[in-house]
Amino acid sequence: MKRTLYILAFTAVFLTSCSDEFLNRVPESSVTSGNFYKTEAQFDQALVGAYASVRAAKGSIASWTMGEMRSDNTHLEFNNTNRGGQYVEREDTDFFIDRNVSNTVADKYNTAYLGIGRVNNILDFVTPAGLSQQVSDRLVGQAKFLRALFYFDLVRYFGGVPLYVKAVQGAKDAYIPRSTVDEVYKVIVDDLKDAIAKLPAPTFPQNGRATQGAARMLLADVYLVKKDFASAETELKSVLQMGYQLLPDYASVFALGNKNSRESIFEIQYQQGNQGQNSDFVYPFLPLASDVKILTGIASQNRQGGGWNTPTFEMIGTYETGDKRLEASIAVAEGTGVVGDMFIEAVKTPVGYKVPAGKRAYPFIKKYLHPHSLEQNTDDNFPIYRYSDALLSMAEALNEQNKSAEALTYLNPVRVRAGLSTTTAVSQAALREVILHERRVEFAFENKRWLDLVRTGNAIDVMTKNGAYIKAVHAGESYIPSTSYTVTQQKLLFPIPNREILIGNLTQNPGY
Amino acid sequence: MKKNATRQFGIKLMRFSLTQGLVMVLMMGVSYAHTSTAQKYLERRLTLEAQDKQIKKVFEEIEKATEVRFVYSSQVIGSSQRVSIHENNTTLSAVLDQLLTPLKVKFELVGRKVVLSANVIQNKLEVQNLAENNGESIVSPKKVITGKVTDEKGLPLPGVNVILKGTQKGITTNADGNYTIEVPDDNSSLIFSFVGYKSKEILVGSRNEILLSLLPEDKALEEIVVVGYGTQKQREVTGSIATIQAGQLEDQPVGQFAQKLQGRVAGVQINQTSGAPGAGISIRIRGAASINAGNSPLYVVDGFPIVGGINNINPNEIESFSILKGASAAALYGSRAANGVVLITTKQAKPGKTSIQFSATYGVAKVPQRGRAKLMNAKEFLQDRKSIFEDKIKYEGYTGGIPELYQNPEAYTGKSTDWYEELLQPAGQNSYNLSLLSNKDNFSTATTLGYYKEKGSVINSDFQRFSLRSNNEYKVNKAIKVGINIAPTFQVANNPMTSALNNPTGDGFYGVIYSAIITPPIFSPDDTNPDGTRKVSFSGPGLFTFPNWKRSLEETTNKTSSTRLLSSAYVQAEFLNDFRFKSSVSIDLQSQKQRVFSPSTVGTIFANAPKLATGAYATTDYTSWLTENTLNYNKTIAKDHFVEVLVGYSAQLFRQEYNSLTGTGFPDDAVSWIDAAAIRNGSSNSTEWSLLSMYSRLNYNFKGKYLLAASIRRDGSSRFGSDNRWGTFPSISAGWIISDEAFAQSWRKLSYLKLRSEFGDAGNFNIGNYSQFGNINSTNYVFGGSLVQGRSPSSIGNTQLTWETTRGMDVGLDIGLFNDRIALTLDYYDKRTKNMLYQVDIPNGAGFSNIQDNIGEFHFWGYEFGATTKNLVGNLKWSSDFNISVNRNNVIKLGTNNTPIGGLGEYSSDIWKTEVGHPMGQFYGFVFDGIYKNQAEFDAGPKHSTSQVGTMRMKDLNGDGVINSLDRTYIGNPSPKFLFGINNSFSYKNFDLNLVFSGAYGNKMYYSLAEWSETLEGIFNVETYMKDRWRSPENPGAGMVGRSLSGTTAFPRTNQDRLVKDASYLTLKNVTFGYTLPKIRSVAKARIFLSVQQAFILTKYKGANPEASLNGLSGLREGVDVSPYPIPRTVALGLNFNF
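Chains A and B, in that order, are what the protein sequence lines are. Going by the working numbering, the first residue of the first sequence is number 47, and it counts up by one from there. Going by the working numbering, the first residue of the second sequence is number 3, and it counts up by one from there.
Be aware that a few hints might be false.
Stated by the list, open to error - Under the rule of at most 16 Å between Cα atoms (straight-line distance), these lysine to aspartate or glutamate pairs were calculated in the EDC-like manner:
(1) B:Lys396 to A:Glu523
(2) B:Lys895 to B:Asp912
(3) B:Lys705 to B:Glu743
(4) B:Lys202 to B:Glu238
(5) B:Lys537 to A:Asp387
(6) A:Lys517 to B:Glu184
(7) B:Lys388 to B:Glu917
(8) B:Lys145 to B:Glu184
(9) B:Lys355 to B:Glu45
To be clear, the hints were calculated from the coordinates, so they are not data collected in a lab.
Work the whole structure out from these sequences, hints included.
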């Protein structure tokens, strides 16, 4: 019995003495929330993580599907051999028959909030971390710029969305109803004002981080949407004095050697290679073909992934004669063979292009296509704001305030750079048209067209016409449902993803 | 008077004869006993110390010391009789005299057997009584019966009680098994009984000699059952435990033990969801389910809870399975026991024996025709394409014309490929096992060497296992023994279908078989390019571009090899009579390597060939060790109180390291190792968990009929939040053997009746290793053209995180009827799983789609019934096992706001919905309502946004006139209404036949292949009935298939009740016919058998495998058939030799 007691005693001692140590297992190969958001270095890392989400939110398939394919700029190469759900969703967005179960639309929504979540964590933890004012300002300024950028996308695509301004730490914090559009804009404007106060002015060469210039440009864009043209003018005036300038040649703006150039205000950063920083957005824009080497320089079949965001011949036709931007932005792939198995024989200029008999031809976006060494692994950045946007926004802000003559001084440098003559349109309405068209060709395929159409109130009209055009051009190909291109006021917003309606008890936008 | 005189005489004669007979028998026995050999044993000297000890134990000690064996009837000495004896270096005969005389028990030594018998004086008195009470017999002619009793092997059985029925009169057989007894007349019956053997009653009839062989008793109730941390007599078990002896499963030609358990145990559902060699088995005990923590039971091999897979274990090493189903049975395994526990005991040698066993099976396997999709042949396919183009021209203004290929289907004379058949190869398996079992001179060893090879039914897939297990035990002295068990295995599996690179979804949605079936039959894997090489892909007008599946399978490398070492060492010491201490260390090491190479010629459904070659090489190494110390105390107090106490503690640590390299951009297919790749990526990580446990159990019984057991376990786990680290899991159970009560003795047909009940808590700790922490992942970005390291949160932490608790109860009845020829078991259970580890879906606005939390509650209940019957026991023997189980569940509570799980998407990858107030994991979708046959129907009916005249219509369930995702409802439950198994064994002379059926009723299956095999776009091959689609209002087809109009063809692919099929089935899992050869010299047993596995399936289900389930038996997401790896029918020839 004594021995039993010894054994039991030993057991008890053994257990109590080492249990805590034995049971504490922390991940060796990853970092956890328990020891993060403490030091300046960690906040810097977290900020990098927040920047990375700009890629997910604004460099995504959803971005060009909703920003360009929804508009009159691009259509698609119908691939009747692949009817996968994700492809059908892109078509549905183009056709204006999208539904609340679209994963593409949900991706836009989710990725914006992913970025907002990362920013919110930084903002929530930065004060308790007790960093110096200077460090804190640097972090907060960039973080708030990013948050405004994400919410600005959300509010324009989905309307008044739930406002998450604190990091969610538990299920209880996660359920937030939709706010009004004005409430969302208030957060955006407040964030940007704070960001402007904390961010440094741009210095050249730039490195891709947010600057005061980017924040003012974004704020000006917000004011344009809110039709507060005077405030937009104020912000843009500052931007115009920060040292940005137009590069002499439009095509070179997108050249790999001109990343973050003096024309760049803010752009999404990518780098080719095997570190996971590469872009690949150009591949879906290429035609469906058995080999796209003639376009990319690398042998690769593009039978299933390509044929999206295809410029329409209507768009090509709207470029003014002599506009250098046409050849810089678009090329035509010409060849033979069936859809998906086209053999590309030649790359042609779109200027004055006619499809020869017996050939098939697809225009494709050329402005981002640059040499790279690996398939689906490109180096191209994606622009968000360029200096020409500041100029055209200024022109618009002034024109809307009936200062049309002054507006021309900002519009014309953009035209001149493109090899066009200066414009002399003087009426406010005429200039409005000119500016909108100028934006269409200057920012072609920069995911701005649909939002510009909505902002300027032209979406229903333009897209109804575009629908008729598309149906006419593709008559006999039998893939466009008769119900498509019914563009109504309700279609100006996208549906809140069905999952959020069901889980978050959100109210749906009308018409979905 | 005369009559009376005769009677007197009769009595006298009888008295004489009986007395004489008994004396004679005794004399014979004694004289025999004192032959020289017997004498030798009786003179052996031994030392014996026992104080108030069960006589049975004392006998055991004598047996150990002197090599004699005691045989006795329970009527002679009750096993609980207690004695005291203190003898030092005394002869056996003196010891026996000392021991037995006070008990009025006689002994005789026959060979090495000590036969005990009761004092005969008693019998004499009874004979007198008999004579007085039964006057008639005096006039009856006296009859003397002589005979011999032998055992099942024909050896004499001494000490058998031979009783005249209706009296207490009787004698025992002598050393040669002979007896002589006088009976009144021909109508008398004799009852022969002996401990360990079945009693037999025989009508004397006209015979004077009765030769008889007794059969060993089915000792089910005396059988020792392996329970958590020990063993128990079946009789005394109070929990719900099912035991299977592996011996009866030996002949099945399968590589995994779980396949052998199919249909054998009530309450245990085992589905073979895929036929991939060495994989594809899913087990669920009593409907266990969890949202995130998994529902597979804990496997414990020889006391070691193992962490890794169980398919490395050679089934031939296994002696028995104990499946702990009930709440208290499992509770001793604490935080890991909520899904039940499967205790696996490996083979040990039987005392005193040495044997060599060899077995071999060789089998061929073929995929049955039943259940293959009936798709169009080439002619039908071309005709169908033609009609699709006709409709395009007619309805859509299509002006491209009908492609030449489709213009004249009737004239087509080319090949028509059955793509399913093209993926298959002749399959089969063979296995060899050699065991050496020896237990002599204090040393026992059981060593099994095994080799198993299975060639899969799909091209380029196979599985091999080399295994060795050696269990060794050495008795240092009477009190101490040490053991070492070591079991290395090496296995290699090839399976091109599950190569992650090749096919990201593996053997699942849109996997190889799923995608290959729908390849147009006009293409053939042998089609060549102009240069004579086989094509890598196929395309045709308007058709999806398909890879050459056959080349893809042939040329993919996906080889996984794993080396595993399962070993343990222990020392066990008995001390102070009643204590036993055991200390053990167990280690499980596994090293796994997987090499994948997908050359440029390999295509998948979404990435066609040729493409750049890709390769990967990954290693996973883990170590799991357990140290365990237990102390047992075993005592009988005041005769009738039996107490057993167990206390123990254990510590377990698991650590895994994973390294992987992937390579892309290989310049060509010549070199398949990563060195040749242009881009190489690597990842490397580690993970650990630890578990500390203290546990204790008390077993108590009073007189062996009132049984009580209570246990408690405390587990501390690194997986739980630091604020909630320790959990306590109590249990209590009780049993009452009603049939042992005096009042039950008159229930003649009822031989055994036990009522038992149990309550207990068990946990489920499978929540991932670091879930309490919010994960921060590496998230890099580029600034100024340079990579900058960044990080971002990928999940939200929760330091409150803890185990799931399942609180359960069970009430059961064990019944034996007709001398245990019929054994029945009935169980009702009810359990609730709370604090479920739940990935609570939260709005994406949070930046995360879910949070891990303990929330939600499921309610499970069910009934189980098992029957074992011996239908025929003569020359033709027939025994049956039948079991049926009903498992039900209901969802009580879910995450925040009771948000349902699933049912969000409209395709079968998200078909399940789990909602409060409903059984979990039901199918959720639209209700098919025919097609809009004409304009009038279209105008009148509710419409989907893509609806047109001629398209499919779903029911507008909410009546708003619009068909959208709000019109979905529950369309079927994949869980069976009940499960059953039937097992019949027959034997006649040297022949034996065994049939195992397994079945389920009321389970629904979603036939997901239809998502592709019913496409209307004309890009895939489709089901033959798709030709009956809507062509015009005048020609609306069969009313089931809509038209092929563009823009309308995606919606009909959504989840709908039409594709929910009844998958009730009855499968003859195995039939084995064996023949035991007559004895040849040193071969103790030689048997040859023919065994058919997966012999046939009776089902109405359209697919091949009614047990298929994409996610296994997960409860929440089961029952979707994605055309998994087919299960072949295997016909095997086997041999067993015992030396």
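Status of each hint after checking the structure:
1. B:Lys396 to A:Glu523: holds (12 Å)
2. B:Lys895 to B:Asp912: Since the Cα atoms of B:Lys895 and B:Asp912 sit roughly 21 Å apart, the hinted pair is violated (cutoff 16 Å).
3. B:Lys705 to B:Glu743: Roughly 10 Å separates the two Cα atoms, so the pair holds.
4. B:Lys202 to B:Glu238: Between B:Lys202 and B:Glu238 the Cα gap is close to 27 Å, so the pair fails against 16 Å, i.e. violated.
5. B:Lys537 to A:Asp387: OK: B:Lys537 and A:Asp387 at ~15 Å, within 16 Å.
6. A:Lys517 to B:Glu184: Violated, at about 111 Å.
7. B:Lys388 to B:Glu917: violated (46 Å)
8. B:Lys145 to B:Glu184: holds (6 Å)
9. B:Lys355 to B:Glu45: Violated, at roughly 25 Å.
In this structure, the hints that do not hold are numbers 2, 4, 6, 7 and 9, in rising order.
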